[in-house]
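These protein sequence lines map, in sequence, to chains F and W.
Residue numbers for the first sequence follow the numbering used here, so the first one is 43 and each next one is one higher.
Residue numbers for the second sequence follow the numbering used here, so the first one is 43 and each next one is one higher.
Any given hint could be a false lead.
Repeated chains share a single entry, so a pair holds when one copy, or any two copies, can fit it.
Calculated cross-link-like contacts (lysine-lysine; reagent style DSSO-like; alpha-carbon spacing at most 27 Å) [said to hold, decoys possible]:
#1 K239 - K616
#2 K613 - K645
#3 K169 - K394
#4 K300 - K645
#5 K674 - K300
#6 K645 - K530
#7 K645 - K394
#8 K394 - K300
#9 K547 - K645
#10 K539 - K492
#11 K269 - K539
#12 K613 - K492
Worth flagging that the hints you see were computed from the coordinates, not collected in a lab.
All values reported here derive from a predicted model rather than from experimental measurement.
2 protein chains.
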Amino acid sequence: MGRSSTGRALRRLKPLDVEAVTIDGGFWGERQRINRQATIPIVYRRCRQTGRIDAFRLDWRPGRRRQPHIFWDSDVAKWVEAAALSLTTHPDRRLAGLVDRVVDLIVSAQQPDGYLNTHFTVVEPEKRWCNLRDQHELYCAGHLMEAAVAHFRATGSRRFLDAMARYADYIGSVLGRGRGKKRGYPGHEEIELALVKLSEATGANRFLRLAKYFVDERGRGPHYFDKEARARGDDPHDYRHRTHEVFQAHRPVREQSKVVGHAVRAFYLYSGMADVAALTGDTELLAACRRLWRDATERKMYITGGVGPSAHNEGFTRPYDLPNETAYAETCAAIALVFFAHRMLQIEADGKYADVMERALCNGVPSGVSLDGERFFYVNPLAVAAGATGAGARHQATSRQPWFGTACCPPNIARLIASLGQYVYSVGKAAVYVHLYVAGSGQAEIAGRKVLLTQQTNYPWDGCVHIRVGLDGPATFSLMLRVPGWCKSYTLLVNGKRVAGRSVKGYVRIRRRWQDGDRVELSLAMPVERMAAHPAVGADAGRAALQRGPVVYCLEQCDHDVDVHSIALPKQAKLHTRFDRELLGGTTVIEGEGSACAATGWKGRLYRPVGEGRARRVRIRAVPYCLWGNRKPGALAVWLPQA
Amino acid sequence: MGRSSTGRALRRLKPLDVEAVTIDGGFWGERQRINRQATIPIVYRRCRQTGRIDAFRLDWRPGRRRQPHIFWDSDVAKWVEAAALSLTTHPDRRLAGLVDRVVDLIVSAQQPDGYLNTHFTVVEPEKRWCNLRDQHELYCAGHLMEAAVAHFRATGSRRFLDAMARYADYIGSVLGRGRGKKRGYPGHEEIELALVKLSEATGANRFLRLAKYFVDERGRGPHYFDKEARARGDDPHDYRHRTHEVFQAHRPVREQSKVVGHAVRAFYLYSGMADVAALTGDTELLAACRRLWRDATERKMYITGGVGPSAHNEGFTRPYDLPNETAYAETCAAIALVFFAHRMLQIEADGKYADVMERALCNGVPSGVSLDGERFFYVNPLAVAAGATGAGARHQATSRQPWFGTACCPPNIARLIASLGQYVYSVGKAAVYVHLYVAGSGQAEIAGRKVLLTQQTNYPWDGCVHIRVGLDGPATFSLMLRVPGWCKSYTLLVNGKRVAGRSVKGYVRIRRRWQDGDRVELSLAMPVERMAAHPAVGADAGRAALQRGPVVYCLEQCDHDVDVHSIALPKQAKLHTRFDRELLGGTTVIEGEGSACAATGWKGRLYRPVGEGRARRVRIRAVPYCLWGNRKPGALAVWLPQA
């Protein structure tokens with residue numbers, strides 16, 4: 043697409059929107075069905091039960107129960123977004139009616155000046171915009187804007203969208219560089235990427251400019267959060283985290299190279315930065331995104347796509363610090379990584395971004411919700427010890443919970459799953475990209491022709507993908523099929539004949555004059571791999587994780603007689619795969635021989651010389667990590683010692 | 043000695059006191075020299091500089107600096123105890139004068155009713171005995187009593203001892219079961235074992251009874267800490283730890299079987315319990331001690347003798363939870379474990395207690411102080427990552443510090459090292475026990491004869507021990523020489539002739555009619571062992587630690603070119619030992635071949651299939667864990683993966 047002054051300078055691809063994509067069955071279709079039938083209704087119910095929805099009535103008074111919390115609005119907004127996205131692909135009159143009523147309620151809470159925040163309207167009206175650092179005001183605003191955009195797309199109604207445009211204009215009148223404005227920005231990023239969406243949905247460039255302001259103001263000196271704290275009469279240094287790194291506000295963003303602080307905030311910010319860079323042609327900002335991407339994915343990411351190892355700051359510590367048992371790896375953080383990856387992918391058209399996106403989408407994101415869609419993980423450890431499931435459990439949950447006080451994750455995973463279609467395809471210059479292999483279809487327009495790609499596949503359970511090209515007339519373009527980073531060999535047939543294709547940054551390109559009904563068959567070799575972590579990851583030293591295709595596996599206690607943490611993986615042992623239709627909703631398991639360290643002879647001893655007692659062979663069964671915790675609670679192991 | 047009604051029913055051995063034992067050079071002699079020349083003076087200086095000593099002047103007034111903190115008295119008390127113990131074996135007129143002045147100052151702070159606490163005399167006089175749970179009042183009292191006993195033993199002066207007896211009587215008039223008394227006990231145990239010492243030093247049985255009261259009242263319902271909180275107007279549930287387990291007060295102590303809560307508190311309590319059980323012939327209480335011992339040493343102890351894995355409660359979590367990098371393993375907790383082990387050893391005359399005592403004394407205790415005696419570790423991790431030594435370091439210090447705000451560890455290690463003599467020998471029924479092999483001598487009286495045992499040895503650097511038996515006339519008794527649990531074979535000579543001896547609970551017994559000048563030679567085989575941890579210890583799965591004799595080894599970054607966390611220990615590789623006179627004050631190192639995982643081919647990758655790239659051979663050098671952190675700060679590894 044080349045550079046231009048239209049503001050699209052840096053985005054090489056445009057994703058097919060949710061409305062242009064269908065997902066039919068399979069791994070993701072099933073997840074979407076459960077999301078529609080269980081998760082979205084449950085998130086609504088919890089929002090209602092806890093008072094989050096009624097908060098928009100603005101009838102709370104001091105002394106009453108269910109005082110609107112500073113982040114409640116965002117939970118409802120994410121539910122609206124999830125429901126609207128779902129309605130886009132799966133019309134449902136009851137749900138549509140419910141969404142309309144909730145949207146009416148939200149819009150009714152808007153103040154004459156455009157402001158919309160339940161907490162700061164009824165609980166602390168005098169504190170509006172007094173503490174951007176801690177109070178989630180702009181974070182809630184951002185989620186309301188995202189919800190409004192999704193609602194507009196699903197319904198065509200501008201009511202919510204217009205209200206949020208008014209809110210954004212009001213925010214722009216209070217915050218910014220102009221005279222009399224506060225030069226603030228959010229402690230919890232989110233509004234940046236939301237304003238970009240609002241700008242795209244409304245066509246109003248001023249929202250993009252406001253997003254760019256928030257991106258660029260962050261971390262400048264004199265520090266706004268300090269100034270703001272002093273204005274409140276607080277000591278700027280007297281707050282929990284004692285570092286501006288927690289909000290990525292330790293220096294201007296375009297000078298940043300290290301992924302620091304709260305993980306969700308970090309990746310929401312980086313997503314907003316990538317958006318602003320792409321739409322304004324800002325190569326300096328893009329360079330910062332590239333540096334942060336590398337630091338995140340080459341030094342600070344679990345093999346599951348989880349990010350942010352530490353509970354202390356819900357975020358990052360030092361490079362390669364990836365402890366398994368105490369992994370925080372918040373569900374929302376893996377989702378936020380997907381957002382960032384997706385944006386970088388559109389800018390660079392490089393499969394390495396899709397690799398990470400798929401890693402999170404197949405592992406650390408879906409682990410956040412139970413198979414029945416009704417229970418959630420906030421924290422996603424990669425190891426749970428045998429004794430850690432009871433009273434001795436440390437901070438993280440070792441079984442999924444029906445809800446949380448801080449309930450960001452359940453509605454976030456609901457909207458992510460509902461939005462999955464948008465991650466599958468993109469359109470580039472005379473090219474259609476297939477990033478993810480998902481049964482269903484994508485409808486694009488290219489070279490003036492309507493192209494309907496229809497995928498048949500059991501991916502990720504096997505590597506065979508059949509694609510039918512539907513056209514309203516012959517057309518010449520490139521079909522770009524992703525060859526995942528984990529894949530060492532593949533075969534490619536077009537209409538039954540082997541073709542070579544050309545490898546371009548993680549994609550195989552088939553450029554030809556396509557006819558309606560052309561059939562493409564891609565077979566990705568998908569053996570079980572033993573994966574090693576970089577030598578600097580101390581927690582995984584000497585260990586291996588099982589991965590097949592994009593799916594990371596784990597050992598759960600309920601499949602084993604011996605403590606899974608006493609099982610080592612013999613280097614030579616053969617491992618077989620088997621699709622088990624009955625297990626965990628139907629999944630491929632990996633089975634083979636493990637070596638259990640000698641369990642006898644330990645009476646009265648905690649340590650003894652190596653070699654006393656004999657290791658014994660045990661059968662192991664590994665299941666996808668994303669499906670763990672759906673059976674009897676117990677120990678979990680991803681990284682196994684090697685024997 | 044058999045059961046009797048004298049109150050000594052359960053103690054089979056009596057340790058030789060510090061005054062009867064000399065330590066001459068070698069591993070421990072050198073530590074004691076440094077303790078005298080550096081640590082004791084430095085602890086005094088820090089106590090003085092921080093206002094801890096002057097606090098006893100009671101001249102602090104509101105608004106002034108250096109407000110006496112609730113635990114300051116204990117730091118000064120431990121310094122007095124360390125100095126007095128040192129004076130016992132190494133007279134020093136200057137130090138003696140200093141001790142006298144500090145003791146005068148302490149005694150001058152005693153109130154007319156016997157009370158002695160700087161904080162509650164000048165800062166919050168109205169709050170005396172209002173918060174036993176959190177305020178360390180009885181803890182400070184206990185340390186003052188221990189100091190007074192040591193001072194009495196060193197100087198013969200009863201001044202401090204009598205003052206503390208008055209204080210104990212006052213405490214007994216306020217707390218206890220009598221009418222009008224509070225039925226309280228300390229949140230931080232310590233006074234229990236101190237009262238037993240006071241009872242032994244004064245001959246007054248009432249102090250033992252008070253100790254027994256504190257032991258037995260703990261954890262009874264209705265819960266004293268809750269009652270006390272309500273009396274203060276506090277919510278009993280509104281405190282940091284939310285569980286009485288942190289003070290081992292969740293149930294009566296004789297019903298306890300699990301080691302829980304704050305580690306130092308736990309082992310101070312168990313030590314007091316063992317004392318009370320031994321001196322009152324309380325077999326039920328002793329049974330609880332045995333259960334707690336097993337839980338501690340078979341499920342909850344690092345290979346270094348460190349205890350208490352979690353920073354959260356400075357203590358215990360679940361069984362087998364022994365993470366290496368985040369190990370808390372407070373120096374004071376390892377010291378407290380030594381106290382408990384020593385007491386159980388006297389009761390049971392079983393070498394298994396001496397094994398644990400020695401494990402802590404050779405590893406997790408001395409690691410707490412630098413080789414020059416001037417810097418300290420509060421926390422003793424078993425792994426430090428390469429990147430963890432800089433700004434990204436987590437809670438624990440990765441280099442020794444000159445002092446701490448909470449400064450329990452430096453004076454505690456000073457008094458432990460000064461008191462080492464008492465751990466070496468015991469006298470039993472017609473028997474002398476040698477628990478530890480330490481160059482020097484022990485003077486006992488047995489069968490009416492004076493027996494002087496003189497040890498020559500380089501232990502723990504080698505396993506050869508020469509013992510000369512000095513007698514003022516022939517005598518028949520058993521010499522009980524400990525055969526450590528780690529030792530698989532030994533030879534024993536008496537006057538150059540091989541003898542078999544009889545093995546009795548971890549000791550080899552030589553019973554004969556001894557003549558003055560008899561020579562005993564014990565050679566303990568001391569090969570390098572690769573140690574494994576119990577299979578339930580997930581953190582050490584598949585890993586080995588190097589141990590030789592009682593000494594646990596580690597790899598420090600400064601001895602290696604590659605990240606020590608990327609080094610595996612080949613199962614077959616030969617390991618050699620070498621005494622290096624120049625290194626770390628003279629120490630045996632273990633050298634050999636390690637396998638460093640392939641460091642190349644990782645560009646742009648955090649994970650890759652096992653087997654890409656070749657492991658390469660590297661020379662490894664392991665040094666004793668207790669000596670780590672005395673050179674260039676860097677990574678540390680105790681448990682190595684096996685290749």
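Comparing the hints with the structure gives:
1. Taking the shortest alpha-carbon separations for K239 and K616, neither the intra-copy value of 49 Å nor the inter-copy value of 64 Å comes in at or below 27 Å.
2. For a Cα distance limit of 27 Å, the shortest separation of K613 from K645 across copies, 25 Å, qualifies, whereas the shortest one inside one copy, 30 Å, does not.
3. Neither within a single protomer nor between protomers do K169 and K394 lie at most 27 Å apart by alpha-carbon distance, with minima of 45 Å and 65 Å respectively.
4. Proximity of K300 and K645 under a CA criterion of 27 Å is satisfied inter-copy only: 17 Å between copies versus 48 Å inside one chain copy.
5. Taking the closest pair of Cα atoms, K674 and K300 come within 27 Å of each other only across two copies (26 Å); inside a single copy the shortest separation is 40 Å, beyond that limit.
6. When the C-alpha separation of K645 and K530 is checked against a cutoff of 27 Å, the pair qualifies only between copies, where the shortest distance is 18 Å, while the shortest distance within a copy is 48 Å.
7. Taking the closest pair of Cα atoms, K645 and K394 come within 27 Å of each other only across two copies (13 Å); inside a single copy the shortest separation is 51 Å, beyond that limit.
8. Taking the shortest alpha-carbon separations for K394 and K300, only the intra-copy value of 19 Å comes in at or below 27 Å, while the best inter-copy value is 51 Å.
9. Taking CA atoms no more than 27 Å apart as the test, K547 paired with K645 passes between copies only; the shortest distance there is 16 Å, against 57 Å inside one copy.
10. Proximity of K539 and K492 under a CA criterion of 27 Å is satisfied intra-copy only: 25 Å inside one chain copy versus 101 Å between copies.
11. Taking identical chains as interchangeable, the C-alpha atoms of K269 and K539 are never at most 27 Å apart, the minima being 68 Å within one chain and 84 Å between chains.
12. Taking CA atoms no more than 27 Å apart as the test, K613 paired with K492 passes in neither setting, with 51 Å inside one copy and 63 Å between copies.
In summary, the numbered hints that this structure violates are 1, 3, 11 and 12.
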